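Next come the chains, spelled out residue by residue.
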Amino acid sequence: MEKITKAVLLFTALLLVATTSAFAAGAPAHNAAAIQTNLNYVWTILAAVLVFFMQAGFALLETGLTRSKNAVNIIMKNLMDVSAGGLVFFAVGFGLMFGASAGGWIGTDGFFLTDLHGQSTTWTWAFFLFQVVFAATAATIVSGAVAERTKFKGYLIFSLLMTAFIYPIFGSWAWGGLFNGGGWLGNLGFIDFAGSTVVHSVGGWASLAGAMVVGARVGKYDENGKPNHIAGHSLPLAALGVFILWFGWFGFNAGSTTAGTANIAGIALNTFLSAGAGATLSMFTTWIKDGKPDGPKTLNGVLAGLVAITAPCASIAPGSAILTGAVAGVLVVFAAEFIERHLVDDPVDAVAVHGVCGAWGTLAAGLFDIKEGLWGTQGFHPYIVGVQLLGIVAAFVWTFGTSYTLFTIIKKTVGLRVNGHLEGKGLDLHEHDNTAYPEFVDSDEFIPEEV
Amino acid sequence: MEKITKAVLLFTALLLVATTSAFAAGAPAHNAAAIQTNLNYVWTILAAVLVFFMQAGFALLETGLTRSKNAVNIIMKNLMDVSAGGLVFFAVGFGLMFGASAGGWIGTDGFFLTDLHGQSTTWTWAFFLFQVVFAATAATIVSGAVAERTKFKGYLIFSLLMTAFIYPIFGSWAWGGLFNGGGWLGNLGFIDFAGSTVVHSVGGWASLAGAMVVGARVGKYDENGKPNHIAGHSLPLAALGVFILWFGWFGFNAGSTTAGTANIAGIALNTFLSAGAGATLSMFTTWIKDGKPDGPKTLNGVLAGLVAITAPCASIAPGSAILTGAVAGVLVVFAAEFIERHLVDDPVDAVAVHGVCGAWGTLAAGLFDIKEGLWGTQGFHPYIVGVQLLGIVAAFVWTFGTSYTLFTIIKKTVGLRVNGHLEGKGLDLHEHDNTAYPEFVDSDEFIPEEV
Amino acid sequence: MEKITKAVLLFTALLLVATTSAFAAGAPAHNAAAIQTNLNYVWTILAAVLVFFMQAGFALLETGLTRSKNAVNIIMKNLMDVSAGGLVFFAVGFGLMFGASAGGWIGTDGFFLTDLHGQSTTWTWAFFLFQVVFAATAATIVSGAVAERTKFKGYLIFSLLMTAFIYPIFGSWAWGGLFNGGGWLGNLGFIDFAGSTVVHSVGGWASLAGAMVVGARVGKYDENGKPNHIAGHSLPLAALGVFILWFGWFGFNAGSTTAGTANIAGIALNTFLSAGAGATLSMFTTWIKDGKPDGPKTLNGVLAGLVAITAPCASIAPGSAILTGAVAGVLVVFAAEFIERHLVDDPVDAVAVHGVCGAWGTLAAGLFDIKEGLWGTQGFHPYIVGVQLLGIVAAFVWTFGTSYTLFTIIKKTVGLRVNGHLEGKGLDLHEHDNTAYPEFVDSDEFIPEEV
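Chains as they are written, first to last, in the working numbering: chain A, 1 to 451; chain B, 1001 to 1451; chain C, 2001 to 2451.
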């Protein structure tokens, strides 16, 4: 605890040094270009606010899909991803991602929101607000995958380091160097408009690493390695989470224009259609495969469609958006099953939804590109598909590699896993001295026999 | 299931044909008219996003007002209304509603969002996004009225056909033919700015037909036909649903300008005041009538006020908006009781809220019209009230007629009603193999004795 | 009940007199200044809609932090604060707050939204919508502090009189007299951009008065006066409430520009950072102090940061915003404990969050002012800190004084407190004949022994 105290004090001291930048004066404008600028601010801030609200969506989704004895823990993780994570991205991550790029590999200024290369202070603030909620999204994806058995302190350290380093460094490859030459991946022509790869796959592959290092929940697999279904405690909360995510995703995708123009119509439309197709196809897939239309899997179908359309939303036709979402909706059902059987215990299927469907959407951005894709007017260019594949692989190698290493270091130092008995009692009691629903549930009833 | 598979394949094939439209290029503008256009896009898309979120409101409202054993089923219905329904409206409904009108009775182009008469592609996309969430609203109203005893497959078929045909054909009468002569009802001067009749009464009368054909829930009426109260399982979820609906309704009404102008102020204000008056008067009505201010009925009072103000929101004074909402708040209490006693089992009072208050609001648009209404400066014109009444009747005849027929056909073919024993167990188990709250409720406890 | 009926009838009659104002005609604009005006409407209305949604946040927060047997009661209070309260603010409060000021002490026109001094009707409507949701916020803060033991009727009377008189009269001192000389406090240079004092401290000090007059809940204090912890029934609902509040607060603070300009970027950024710092520091405070990072206290840390940044959000640097939120996050933990031990039973810590942190934020606006604050370029001016302190004291004296008097009068006339036995049964049954979760909870189980 003393180390934490010291770190907080140091952080505060740095802040004081960094807080003398002048507050911008904006005013109602009377010439056309200035009003377009004002409109861009209004649009970007409102989009950022919508993306911010996705944190509530993730919190509810993950809470609903897990057991009530871990609900407070999950909420605290999501809250810290955006709260403490926001401060860390302010101090370190934003500069690494969007600062003046060193050769396309890493940003080098803009830390503590000071002196970002070539941008006005006020616009930097708007742009930061939009980007910080993206960073929080990437981090919070992991929280579901390692839910119900991970120590809060270990998770918090990972989340902060992911927001400070893992996410922004990869992000700088695709989106960085805005004013001095761009990131190496972006310069190759990599299409990832709003982050199927940059945000979602990065979150998904970090989730995979985390779930592998922390191991499966007690009772998840029987002695033959066959997975047991551990049902979430509140599907209505999970469903509300999905609706909130869909709602916020309009800001995520259409806001990535950071300009209030007619472009937002097609992007928002593609976002809507892909999500709808993902839900519909996931539902029919479970109906045909298992005999009944399954609730939680259909909810994940919405997210699969949303994750997949995030890269191509600004550069494919509406029909292609439906196709992208439809494929994602089928894919997520089979990917989640495969991962559960053969790879890791991922309570919310974060790896399938964000990792796999993020990769699919990034590929779809190449395949269905309105100019260079399969039915584009200028013919199909394999080069663009190659670049998309390169970006997908780079995201996996960087993120899985660094995350696996970092989780392993945390495991061997401060510790990552609660012991089996405490896991049975639930993380809320052990990690937070709270119970989510003190009147409703006797948490002792839910301790698996084997603990 | 094979038929579904074939239908999905055909649908996908059609999509591929239809997906070569170019993605529009929009850019920051430097002349005033172009910036107003951009502002209209920003406003319309954000309003559409708010209306989209109303799906979450309906899902929570209907879930909260029914029993926990049917929660997943209700969520799935709401989710499919907007997901699969969105695809169907994209393919068929939007063209029937807004395509070039054949004599004011039906639209004839714009299917699969191609070639809508006289509109730019980009604006068509924005306009479609706004309209598709309206279509989903109309469909999803029905889901609550037939809750807790309807087969998922039968409901889904009705919902898709309603979104494809019943809703858009009536809609074309009032709002269609934008660029070639208008719909017949709109041409008479029918005032329904945002859809008290077009969306809400249509949803309400379809609800009435559905509830009549599917019949009452087991245990709803005793042997003398006296209704028993079946309480919803979570009033906090229902209340959150109502707050979300109110929140989204600002987009529903003020967004119906599809232009970012000063007009939105009065519309949003009227929406706020009418909802507040509806809630307040519903509360006092129950307090005076039954001795206590009732929670669920007050929540429905909010919706009554919102539904009623939807038609007149852009053409009556704020004081008239309060009066419109106040009358709706009283009306909904008595209408719901009457319907429960004498007509049908409607678990969420959808017929009273959307059908009856939608009709009242449409009438109020004529009575209180700022120019031609009771205290308008130009005197009262009975003609406008007559047109409003004609529209109310036309909506009832068309919607109730087609919906009753369609529900009856579904009942006699694929089936509409689950059997009594399965109804006792709950639709979640039978229709979806899910339970909404596996830790909290032993659903067997809630099977009525008579099953 | 007859008095209520008469009051409603009188109110309706007044409305009819007041409903002949013309509905404004706005149109897409073609010159730059007119488009900026349209953009201001879009921004202000959307911000108002976000602030409106905060009512849902308060309802969930207060519901989640109290026991399930009082959930419907709390929801009804929050709903009436904005519904009936909105009508009262329309009739009386808005005019007192923003009408032509009589010497800086009280507004004198604009009642029933007619003839507000010097404003266009349409802009008055937009401005009213933004302000009425602020008034509802101030009122609804009280609802949590007096939760679980207050009669609905007594609460409703207080809430309406607060919205009609207590809140707007103080508000007129700081924000009133827009077009004829300003309020006396505003004229001194008092900085309270979005209402740390005007809205939140006023709500907090009224909460303190209410909690003192109504007394502690049965079982809250043992015979030695030591407080017992009474846990809330649903932390996920409370957490969702906090996320919704944070989401809506972007509208609260950045919308207070009532103009769509670049200024909103810094305000939204400060709002985000302060909330994040509040949450982070509250968490570490409880972790260091009590050994575990506490869920509910961290949630209150978010609100502490938001309340504190509300005054200075438009006039301090981002680093200062982090510091403001950080101090609030620590302060709220200790203030809540102190108040619980030594002052009153405040189930949701409304006094600590809104009263104390509102005062702190108002002081911070003086300390960290970008021009005249501690590290401002123009040096530190003790005068501004003095004015801030004067405003803080004035808010306390006026609000606590009038609220204490009013609560006492209500207590001695219509009654304020339910009796102990009924309190044990829960307010939902007694005051509303409802139960929030009829399937889940047997409310008899939760009657304390001593009742």
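Because the hints were derived from the structure by calculation, they are not lab data.
Bear in mind that the values here come from a model prediction, so they are computed numbers and not experimental data.
Careful, some of the hints might be misleading.
[Unchecked claim] Okay, derived cross-link-like pairs now, BS3-like style, lysine-lysine, Cα gap no bigger than 30 Å in a straight line: (1) A:412 with C:2289; (2) C:2292 with A:412; (3) C:2289 with B:1292; (4) A:425 with A:412; (5) B:1292 with C:2292; (6) B:1371 with B:1292; (7) B:1292 with A:292.
[Stated by the list, open to error] Sample of chain C residues at the chain A side, in silico, Cβ under 7 Å: (8) 2034; (9) 2035; (10) 2112; (11) 2225; (12) 2227; (13) 2228; (14) 2229; (15) 2258; (16) 2344.
[Said to hold, decoys possible] Reference listing, derived: stretches of chain C covered by chain B, where coverage requires no fewer than 3 residues with Cβ under 8 Å from a Cβ of chain B: (17) 2060 to 2073; (18) 2076 to 2084; (19) 2286 to 2294.
Beta carbons: idealized from backbone N, C-alpha and C, even for Gly.
Evaluation of the provided hints:
1. Among the hinted pairs, residue 412 (chain A) with residue 2289 (chain C) is consistent with the structure: their alpha-carbon atoms are about 27 Å apart, no more than 30 Å.
2. Restraint check: the Cα-Cα separation between residue 2292 (chain C) and residue 412 (chain A) comes to about 22 Å, which is no more than 30 Å; the hinted pair holds.
3. Proximity of residue 2289 (chain C) to residue 1292 (chain B) is assessed by CA-CA distance (about 45 Å); at most 30 Å being required, the pair is judged violated.
4. For the given pair, residue 425 (chain A) sits about 24 Å from residue 412 (chain A) by alpha-carbon distance, which is consistent with the 30 Å threshold.
5. As the CA atoms of residue 1292 (chain B) and residue 2292 (chain C) are separated by approximately 43 Å, the hinted pair breaks the 30 Å bound.
6. This hinted pair does not check out: residue 1371 (chain B) and residue 1292 (chain B) have alpha carbons roughly 40 Å apart, beyond 30 Å.
7. Simply put, residue 1292 (chain B) and residue 292 (chain A) have alpha-carbon atoms about 44 Å apart, too far for the 30 Å limit, and the pair is violated.
8. Checking residue 2034 (chain C) against chain A: minimum C-beta separation of about 10 Å lies over 7 Å; hint violated.
9. Because the beta carbon of residue 2035 (chain C) sits about 5 Å from the nearest beta carbon in chain A, less than 7 Å, this interface hint is met.
10. With 7 Å as the threshold, the beta carbon of residue 2112 (chain C) stays out of range of chain A, its nearest partner Cβ sitting at about 29 Å, so the hint is violated.
11. Because the beta carbon of residue 2225 (chain C) sits about 24 Å from the nearest beta carbon in chain A, more than 7 Å, this interface hint is broken.
12. About 16 Å separates the beta-carbon of residue 2227 (chain C) from the nearest beta-carbon of chain A, more than 7 Å, and the hint is not met.
13. A least Cβ separation of about 13 Å between residue 2228 (chain C) and chain A goes past the 7 Å threshold, and the interface hint is therefore violated.
14. Of the supplied interface hints, the one on residue 2229 (chain C) is violated, with its beta-carbon coming no nearer than about 10 Å to a beta-carbon of chain A, more than 7 Å.
15. At a threshold of 7 Å, the smallest CB-CB gap from residue 2258 (chain C) to chain A is about 10 Å, leaving the interface hint violated.
16. A hinted interface residue such as residue 2344 (chain C) counts as satisfied when its beta carbon comes closer than 7 Å to some beta carbon of chain A; here the least separation is about 23 Å, so the hint is violated.
17. Using a Cβ-Cβ cut-off of 8 Å, 4 residues of the region 2060 to 2073 of chain C lie near chain B, which meets the minimum of three, so the contact claim holds.
18. With 6 residues having a Cβ less than 8 Å from any Cβ of chain B, the region 2076 to 2084 of chain C passes the three-residue criterion, so the hint holds.
19. Residues of the region 2286 to 2294 of chain C lying with their CB closer than 8 Å to a CB of chain B number 0, which falls below the three-residue condition for coverage.
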